[in-house]
Amino acid sequence: MAESNPTDRVPLPPADAQVLTTACDYCIVGCGYKVFTWPTGSEGGTGARENALGVDFPTEQFTGQWISPNAHSQCVVDGKKHNVVIIADPDSAVVNVNGNHSVRGGCLAKKVYSPDGPTKDRLSQPQMRIGGKLTPVSWELALDVMAEVSQYILDKFGVTAWGMKTYSYQYFENTYAISKLAFESIKTPAYAPHDKPGPGNDTAGIDDTGLNTFAASYDDWSKADVIFISGTDPYESKTIIFTDWMMKRDKKLIMVMPRKTTGAAWAEKNGGLFLPIIPGTDTVLHLALARLILENGWQDQQFIDNFVASRWEIDSGFGRGTRNTPWQWRTTWGKLGASFQQYKEWVLSQEIAELDKAAEITGIDAALIQTAAEMIAKPIDGKHPRTSFALEKGNYWSNNYLNTASYASLAVICGAGNREGRVVSRLGGHQRGWYGAADYPRIYSPEKGPGRRKKEIDLDRWVEAGNLRFAWVIGTTWCQAMAASAELMQTFESMTTGSPHQIDKADKTHAVEVLKQRVDEGGMFIVDQDIYLRSPMGSQYADLVLPAATWGEEDFTRCNGERRLRLYSKFCDPPGEAKPDWWIIAQFAKRMGFADYDWKDSNDVFEQAARFGRKGILNYHPLVHYAQQSGKRGHDLLRQLGTHGIQTPVRYRDQLTEPDEYKKYAGFLDDPNTTGAIVGTKRLHDPEIDLGDPEGPTVHMKWLSAFGSHSGKAILHKTPWELFSDFYQRITPRGDEFWVTSGRVNEIWQTMFDDSRRDYITQRWPEQWIEIHPDDAKRHGIESGDEVQITNDDVLIQTAGFIAVHADEASFTKLQENGHIRVGRGEMKGVAIVTDAVRPGVLWTNALMPGSPANSLVHRVPDPITNRYRFKLGKGKIKKLGESPYKSDLTKMSFAPRTVVV
Amino acid sequence: MNDTKGCQSKSCVARRGFLKTGVTGVVTMLLADVFPGRVQGQDPNQSIQVASYPRVAVGKVSQLEQDKPIWFAYPADGLHTGCVLVKLGRTAGGGVGEAQDIVAFSARCTHMGGDMSDGYVADHKLLGCGEHLSTYDLTRHGILVAGHATESLPQIVLEIQDDTIFATAIVGLLYGYSQNPTSEQA
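Protein chains in written order, with our numbering: chain A, 1 to 902; chain B, 1 to 186.
If you're looking for bench data, these hints aren't it; they were derived computationally from the structure. Be aware that one or more of the hints could be misleading.
Stated by the list, open to error - List time: in silico EDC-like cross-link candidates among lysine to aspartate or glutamate, alpha-carbon distance up to 20 Å:
#1 A:Lys663 x A:Asp219
#2 A:Lys632 x A:Glu607
#3 A:Lys664 x A:Asp91
#4 A:Lys516 x A:Asp155
#5 A:Lys120 x A:Asp759
#6 A:Lys887 x B:Asp101
#7 A:Lys879 x A:Asp736
#8 A:Lys269 x B:Asp118
#9 A:Lys887 x A:Asp836
#10 A:Lys269 x B:Asp123
#11 A:Lys887 x B:Asp123
#12 A:Lys335 x A:Asp808
If you're wondering where the values come from, they're calculated on a predicted model, not measured in any experiment.
Construct all of the structure, not just a fragment, from the sequences and the given hints.
Here it is in structure tokens:
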């Protein structure tokens, strides 16, 4: 058979196997999983009493009890070789009900470190690049060099020269340690999370409206009649939200994307709509829909009267928050924030919002837009449909501020935001794993918007400007994940391996001196901390590569996309000397002389972090308080809650008064031996929520029962197309150029760091691929299976403009006038798949395929309002290079359409 | 075809008695021997493990119409042993017949065991599951096209003798099992 060489048997865990609970390491949904480990050499039997699942094999369908061969692997427990089986929790009543799972989660076992298996190349020792070659060194040497050179850089160049680029999601214990070091101890503004050039909002327009982007529970999606989904197909990237919560009941889904996917095909087949949009034009679509709704009077006026802020409420209440913050100038002073009346007048006056004009700009048939407007808003028998609104990166990674603000306003006039089945939320990418120990020190940021508005850093531009001397990269590829990837790689190369100052012996004094000389001459010292050696950051640029312990190798915690907090149990040993990120941070911090890093274990970090999340939506402080009252560790109390967990913010109450259904869904613990109880929170902004009085450690934030604005009401926004149109016009493909946009498929998680070690997945996707419409393919002589190349010689890159003084100074037009835009180059290769799933004129490719990053073709000019990239708006010219082996080899890849719904 | 469709529980459970889940023997075979003459673009000397399975007549070449799947049970009637035999009209990995386009696969989705007996999509040579929308490419050894299966669709090894098509082995693990069943006659 094919390369993945399937087995026809799988060992069953014996009845006495160790059983632990966890949640999936991958997408936002965070399905509950059970992990079975037992020493190799023994196996359970097929009778219910002979195996740890307690079921007869063969198992029945839809029970979630089957163990597929990809759910089995081997691992090391306390130094001894064990079998490991990881399956979705068949007993789960929330999230993934009855053991439903995605292809990603179903193959979790194959990510586990196995010294003889495909994961044997996990990083297991600290390494130093000596004489150009990565060489194992001790933790002590690595950390000593880091600390000494760091202190030198901080003393000589200041905090803005010392930077970190890290994941924002890989467990509370680690992100708390990262933020404590960066923001509390070092106080550096030179920090950026994995997916953006600096900290701050992902979807500022939603936030400015007063909507928390993770306000909804999954149950809300199931209770909606209509869901308007912008810029994502949850089937493809957050499966279980779709298959367990959206596919249920008689529901109409509307999906807006430039490429049809499996979920969009299902939507069409089940009474919903697919709106094939031209990349970057979502704002126009939202305004056209709003205009149709307002012209016909379909808006939910009662909701608007009760829950939408008036002009006076916006201005007197400082808009959304305090003065001199990025959101203040957006919501106040009449620039963008608007009362309903102002919003209505503005929308009705916009030419681009006229149906025919909008159809022309968006490329969506006018009749489809009309039908969509009716579906989401037109009352049926006098009742407004229960419509919910969901969005992801296709929306906010193409025109960040205007798309999100116009989307939120559309949702609000339809009456969505705070009721069962009528919610507005992100569907999410990564799980919610950030726990901030301190706020980002914006005051030290080198960036400033017009007026007196300090702005978060654009770290990539800061690097290219030669201002960063030290970079600690944790769990992200950086270059491939950011815009104009190839250009960024050149910068890193010239600042590291391009420097004459290279370490050539494993000696602390020597290494420190060499690195000091390098940074003195404008070079950079890079530490890359990860679970595998990643290219190029680890394999080519880093002076130190540090091995991290990960999921399953330490007790960790985090929340999923409905704020459900679970314990991710440790069940096996990390490879060699690999350590959890919090431990590595602590060792470094202690060498730097920073106080309060004496954590014994990850529970210590978890409990300490709790106090810093009390005002946030991920607040679990009452759980730690409750655990301490009952004489338990926080992690252990959470372990009791298994895969069900508890939805944050966790609230402490003397007596629970919530209905059983609410408690069972949100999670609760009412220990008869402990005073009081804790309960989770199902939905935010909910005016009907039963809060009672604040009790014990519970904090009643306004957004629990109202919107997150100063007045507690939702704020509508005008979204003038002119704020974006100059840039959009400049980057719109001309001649034989195409839009090049990117996305995800179920089978691949992010950069394939695990998937590239799963033969099952590399059989399906051995290489990057590029989807092209049949008409375009014919014109270029391209067939499915051909090897193709896309080049873009017109990659726009913002080089300066850190400080803006005048109102329009950050605009693309002014940046260009002031000489702050340069033109770079990028290219990528892939195997062509000819399909009418993509629009003509658009090429679609997988976002983060290693070795051929789609982001090389993407302009590095962030949204001037929010500093967010337009990752989805790349462009380029395509040409055929030849034929790939997969064109004729029937054992790998498939060119069949992904839009077939049986 | 399809006489056990919808068979979810009791009658199927009762039929387990016909099956012996302990495989009598596991043999290592060369890939070229599993799919003789039809291994494409890969090392025919690659070895794979297959259990020893019965040789069962599942159809006649002369009676097989293109894109009209035939349902059969393999290695015997039992839980999740439903399979489909189909002439694709397109060369396929592991295909038999003159055009190497006759293939057979398990009809149980490897995601959660959904019944795909009616899931053949002639236009694209796919087998699809309506439960969670997984689809498999029958021209390429049952590779997952889209969806949530964690295994390729188990492929049934076929042989043709005169006009008769025989099923001789399973490559892959049938949904629900910890090891593939074999019939008592095996």
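Status of the hints after comparison with the structure:
Between the alpha carbons of Lys663 of chain A and Asp219 of chain A the distance comes to roughly 13 Å, so the proposed pair stays at or under 20 Å and holds. Proposed proximity of Lys632 of chain A and Glu607 of chain A is supported: the alpha carbons are some 11 Å apart, at most 20 Å. For the hint linking Lys664 of chain A to Asp91 of chain A, the alpha-carbon distance of about 14 Å falls within 20 Å, and the restraint holds. Between Lys516 of chain A and Asp155 of chain A, the direct Cα distance comes to roughly 12 Å. Compliance with the 20 Å bound is thereby established for this hinted pair.
Taken as a hint, the Lys120 of chain A and Asp759 of chain A pair is honoured in the structure, with Cα atoms around 14 Å apart against an allowance of 20 Å. Between Lys887 of chain A and Asp101 of chain B, the direct Cα distance comes to roughly 17 Å. Compliance with the 20 Å bound is thereby established for this hinted pair. About 11 Å separates the Cα atoms of Lys879 of chain A and Asp736 of chain A, which keeps this hinted pair within 20 Å; it holds. Of the supplied pair hints, the one linking Lys269 of chain A and Asp118 of chain B holds, its CA atoms being roughly 17 Å apart against a limit of 20 Å.
Distance check on the hinted pair: Lys887 of chain A and Asp836 of chain A sit about 19 Å apart at the alpha-carbon level, within 20 Å; holds. Restraint check for Lys269 of chain A and Asp123 of chain B: the C-alpha separation of about 17 Å stays at or below 20 Å, so the hint holds. In summary, the hint linking Lys887 of chain A to Asp123 of chain B is supported, as the alpha carbons are separated by about 19 Å, within the 20 Å threshold. For the hint linking Lys335 of chain A to Asp808 of chain A, the alpha-carbon distance of about 13 Å falls within 20 Å, and the restraint holds.
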